[in-house]
Amino acid sequence: MPVDVDAAVISNTRLSDDYSVLALAAPAIATHALPGQFVMLKTSRGRDPLLRRPFSIFQILRHDDGSPRGVTVFNKRIGKGTSLLYDVEAGARLECLGPLGRPFDPVDPPVLAWMVAGGVGLAPFVTLAEALIARGTAVTLFYGARRAADLHCAPIFERLGVSIAVSTEDGSRGTPGLITAPLSTALSAIPASQPLRLYVCGPTPMMRAVAGVAASHGRPCDVSLEQVMGCGLGGCYSCVVPARDAGGVPHHTRSCIDGPVFDATRIVWEALVH
Amino acid sequence: MDLSVAIGSLRIPNPLIAASGCFGYGVEYADSVDLSSLGGVAVKGLFLAPREGHVPPRIVETPSGMLNAIGLQGIGVHRFIDEKLPELRERKATVFVNICGTTIDEYVELARILSDADGVHAIELNISCPNIKEGGITFGCSLPGTHNVVSAVRRATRLPVIPKLTPNVTDVASFARAAEEAGADAISLVNTFLAMAIDVETRRPKLTNIVGGLSGPAIRPIAVRMVYECRQAVKLPIIGMGGIATAEDVLEFMIAGATAVQVGTASFVDPFIWTKLLDGIRAYMRRHRIETLSDLTGTLDTTARHKAWISS
Ligand SMILES: Cc1cc2nc3c(=O)[nH]c(=O)nc-3n(C[C@H](O)[C@H](O)[C@H](O)COP(=O)(O)O)c2cc1C
Chain S
1 MPVDVDAAVI
11 SNTRLSDDYS
21 VLALAAPAIA
31 THALPGQFVM
41 LKTSRGRDPL
51 LRRPFSIFQI
61 LRHDDGSPRG
71 VTVFNKRIGK
81 GTSLLYDVEA
91 GARLECLGPL
101 GRPFDPVDPP
111 VLAWMVAGGV
121 GLAPFVTLAE
131 ALIARGTAVT
141 LFYGARRAAD
151 LHCAPIFERL
161 GVSIAVSTED
171 GSRGTPGLIT
181 APLSTALSAI
191 PASQPLRLYV
201 CGPTPMMRAV
211 AGVAASHGRP
221 CDVSLEQVMG
231 CGLGGCYSCV
241 VPARDAGGVP
251 HHTRSCIDGP
261 VFDATRIVWE
271 ALVH
Chain B
1 MDLSVAIGSL
11 RIPNPLIAAS
21 GCFGYGVEYA
31 DSVDLSSLGG
41 VAVKGLFLAP
51 REGHVPPRIV
61 ETPSGMLNAI
71 GLQGIGVHRF
81 IDEKLPELRE
91 RKATVFVNIC
101 GTTIDEYVEL
111 ARILSDADGV
121 HAIELNISCP
131 NIKEGGITFG
141 CSLPGTHNVV
151 SAVRRATRLP
161 VIPKLTPNVT
171 DVASFARAAE
181 EAGADAISLV
191 NTFLAMAIDV
201 ETRRPKLTNI
211 VGGLSGPAIR
221 PIAVRMVYEC
231 RQAVKLPIIG
241 MGGIATAEDV
251 LEFMIAGATA
261 VQVGTASFVD
271 PFIWTKLLDG
281 IRAYMRRHRI
291 ETLSDLTGTL
301 DTTARHKAWI
311 SS
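Just so you know, the sequences run in chain order S and B.
Numbering-wise, the first sequence is residues 1 to 274 according to my numbering.
Numbering-wise, the second sequence is residues 1 to 312 according to my numbering.
One or more hints might be untrue.
Claimed, not checked - Straight-line C-alpha distance at most 27 Å; calculated DSSO-like pairs for lysine-lysine:
| # | chain 1 | residue 1 | chain 2 | residue 2 |
| --- | --- | --- | --- | --- |
| 1 | B | Lys-92 | S | Lys-76 |
| 2 | B | Lys-206 | S | Lys-80 |
| 3 | B | Lys-276 | B | Lys-92 |
In case anyone wonders, no lab produced these hints; they're calculated from the structure.
Using the sequences and the hints, build the whole thing.
If you want it as structure tokens, here you go:
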């Protein structure tokens with residue numbers, strides 16, 4: 001059951017001209033949050049923008065004694081709401097509703113977990129990595145961005161013991177080009193007898209490409225879709241994606257309550273608007 | 001203090017109804033909102049058959065408001081009765097079923113089917129969705145059309161019949177009169193205002209459907225004026241809506257002439273708005289020594305406060 005917290009901003013760490021990590025005091029949300037879930041954040045006190053914005057829960061914050069303190073979100077300045085969040089200062093208050101949505105299903109050993117992130121799509125993977133590591137599952141992060149300056153927070157994953165492979169479109173770090181290239185190479189190098197699951201979040205064309213790579217290697221693949229949402233609770237039918245039901249028939253499916261995490265084979269990629 | 005209000009033969013515990021299309025089928029909220037504490041739940045507009053609705057993007061924000069073109073995605077009346085109504089019944093929700101058709105026969109058939117279902121309290125006749133071409137709005141924009149569909153549905157059911165009016169007409173009061181003459185038990189208004197938004201960089205419409213319906217605080221003053229006009233034109237109970245976000249907004253609609261209200265867009269922003277609105281209404285009643293909330297309806301004072309000092 002989601003709760004609405006009038007959350008104090010603990011800090012807002014600017015990572016670059018457009019990325020920041022916003023820490024919010026919201027113990028009631030942190031207590032129940034599962035990997036891949038999201039919050040709906042009101043970006044201003046007023047009515048412009050009017051609606052909340054969905055954000056993946058990036059990290060769970062804890063006090064020294066381990067008790068839940070709050071959550072962080074990984075924010076990229078894109079529009080009006082995200083710009084307001086980028087500018088928010090510690091001490092401000094933001095209404096924060098959550099946790100919401102269908103979480104990731106973390107695999108257990110001996111299954112390998114490969115997380116594939118594009119840009120701001122890194123957001124759901126810290127909590128997933130923590131859950132996987134806690135189960136003893138070996139985790140690899142494939143992380144792609146336009147340029148080296150857009151790659152953030154890799155040390156968080158390194159500290160958790162996640163292996164990292166990086167690509168940049170301009171070749172300024174890691175493998176030059178798209179993340180699908182190193183991913184395909186790595187998948188080809190793994191024997192079919194080794195079970196493995198892919199978890200993906202990023203721009204729609206990237207998720208579609210990764211879903212294709214996963215299918216061609218016969219690997220299960222979960223995607224976390226980021227859609228425009230009105231309410232986050234299943235009330236408005238704004239955030240629908242074309243997803244097949246159990247009988248294989250595609251329907252407009254609400255990504256807020258039936259997702260944001262979907263089995264990639266359910267998505268009708270050619271019909272997914274981005 | 002008595003917050004209950006009567007919509008024809010239907011008495012509801014308070015005037016706050018969740019607006020159609022803004023609260024799913026109600027069951028989505030059953031764990032976070034006590035459905036029985038609401039005046040009612042108007043469920044997402046239903047056709048006889050399931051519909052997939054429009055291709056996203058389906059919403060876009062505008063100052064103090066939003067445009068939507070959902071396109072009446074829905075599971076159809078039969079699945080609603082089988083899959084959603086039992087839980088609504090169990091949660092003791094007062095259920096307003098919003099129905100949509102392309103012909104009068106479809107409206108009549110929907111009304112018959114729902115009359116036989118246990119747990120439906122009223123039928124809200126959606127003749128005002130601006131986002132789909134076929135049916136609905138063509139009745140809502142024509143006086144004979146409104147009269148004909150309302151009277152046909154009236155004959156088909158014993159449930160209260162509440163046509164929902166569109167604001168996209170020149171004289172909304174004449175539609176209220178047509179509804180009253182056709183035997184409606186109440187009217188609800190307003191549905192959304194036909195509107196559009198354009199991305200100037202790409203010169204493309206922001207909605208796939210090109211146009212959509214404007215809702216939220218931006219429309220409230222127009223909606224209040226329309227409720228006021230209808231109040232003067234008909235005796236029917238009016239369910240007012242359009243941009244309600246605070247208790248003061250609820251009271252404004254009631255003073256203008258509404259018996260009850262619906263809240264849509266503001267419940268997206270705050271799904272727990274209901275208790276806050278009720279608290280605010282109670283505080284107002286205490287402050288103004290009002291025992292019975294329904295006494296407030298239509299109490300607008302328009303007596304002149306100043307003498308005209310010059311003839312116009
Ligand atoms: C996303 C969305 C979907 C809606 N769907 C319906 C619908 O299915 N049937 C209907 O009669 N009205 C529908 N409406 C209109 C609302 O019920 C209401 O009349 C309108 O939004 C004005 O109220 P508000 O400003 O409080 O939202 C919808 C509105 C929105 C924003």
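Hints versus structure:
1. B:Lys-92 with S:Lys-76: Violated, at about 43 Å.
2. B:Lys-206 with S:Lys-80: holds (15 Å)
3. B:Lys-276 with B:Lys-92: Distance ~21 Å between B:Lys-276 and B:Lys-92 Cα, so the pair holds.
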